[in-house]
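Asker: Sequence:
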Amino acid sequence: MANTKFSEPRIYKDKANKKWCIRFNLFKDGETYYYKEYGKSYGIKLNHVVDLSERQLILGQLLLLVKNDLDKGIIPGEREKIDREEQEKKVYEERFYHFDNVLKFSMQHRGYDNPRPNQMNSKESLNSFWTNQFRPFVERIGKLSDIRGITIDDIEAFLEEQSKPHSRITKTGKTIKVKGWSDKTINDRISWIGMLFSPLVKKRKLSINPAHKIARRSEIRVDERGSNLIRFQVYSKQELEILWNFLQSRPY
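For the sequence shown, this note's numbering begins at 93 and goes up steadily by one.
Rather than coming from a laboratory, the hints here were simulated on the basis of the structure. This list has only true hints and no planted wrong ones.
DEER-style ranges, computed between Cβ atoms:
1. GLU123 x ARG227: 50 to 60 Å
2. ARG260 x GLY165: 54 to 64 Å
3. LEU144 x LYS297: 51 to 61 Å
4. GLY135 x THR264: 55 to 65 Å
5. GLY165 x SER274: 50 to 60 Å
6. THR262 x LEU332: 42 to 52 Å
Okay, derived cross-link-like pairs now, DSBU-like style, lysine-lysine, Cα gap no bigger than 35 Å in a straight line:
7. LYS294 x LYS164
8. LYS111 x LYS173
9. LYS182 x LYS196
10. LYS181 x LYS294
11. LYS164 x LYS137
12. LYS256 x LYS235
13. LYS132 x LYS159
14. LYS110 x LYS137
15. LYS235 x LYS297
16. LYS181 x LYS132
17. LYS196 x LYS269
18. LYS128 x LYS111
19. LYS305 x LYS235
20. LYS173 x LYS105
21. LYS120 x LYS297
Built from N, CA and C at the ideal position, the CB exists for glycine as well.
Model the full structure from these sequences, guided by the hints.
Answerer: In structure tokens:
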């Protein structure tokens with residue numbers, strides 16, 4: 093707690109109600125606040141104990157508990173509130189990192205909850221991929237409830253599956269044969285997976301984006317003989333002759 097300091101806690105018998113307690117002061121912003129802890133914050137019914145030696149033992153334990161909390165900056169009377177807030181935070185995080193909530197968060201982060209006309213196509217493409225292709229895989233590997241467990245190896249396994257010809261069941265229940273993804277498609281999907289995680293990294297809810305560690309595939313194309321096809325290159329002399337002859341044969 094900023095600008096705060098506590099006095100040393102001590103065992104004290106309240107003169108008003110004749111009950112034993114732990115007394116301490118809080119000094120904050122020039123003001124002094126007086127506290128008495130009777131054990132309620134720790135579930136201890138101190139003043140119900142009749143035996144004096146047992147009571148002294150419990151008082152000593154209570155004193156240590158209070159001192160331990162004060163050293164951490166925790167006021168014993170607020171411990172229940174802090175415990176509740178921590179539990180609520182834990183539940184929130186557990187729910188937040190569920191795949192469906194992460195997907196919703198990523199969509200909202202990109203403005204897809206209220207998309208502009210020029211965003212409609214990208215929204216539909218991303219949502220369809222994340223929901224219909226990546227989500228079933230994440231569910232199958234048992235990481236749907238917490239996407240923080242998704243590793244580089246998991247993503248590589250997903251891409252490897254999709255690069256091979258396989259069967260897929262449509263929404264109507266029909267089984268269809270699907271051609272494996274090309275290297276270009278795989279590279280696009282690596283980017284799309286990365287786009288799912290990137291808002292979490294930006295908001296510091298995730299330390300790293302696992303998709304950013306995935307090696308991109310080479311997009312070199314090959315012909316039917318297995319030779320590389322380069323997209324842009326100089327025509328050979330033979331190719332120029334073929335092109336010239338073709339153009340000369342045209343009526344224009």
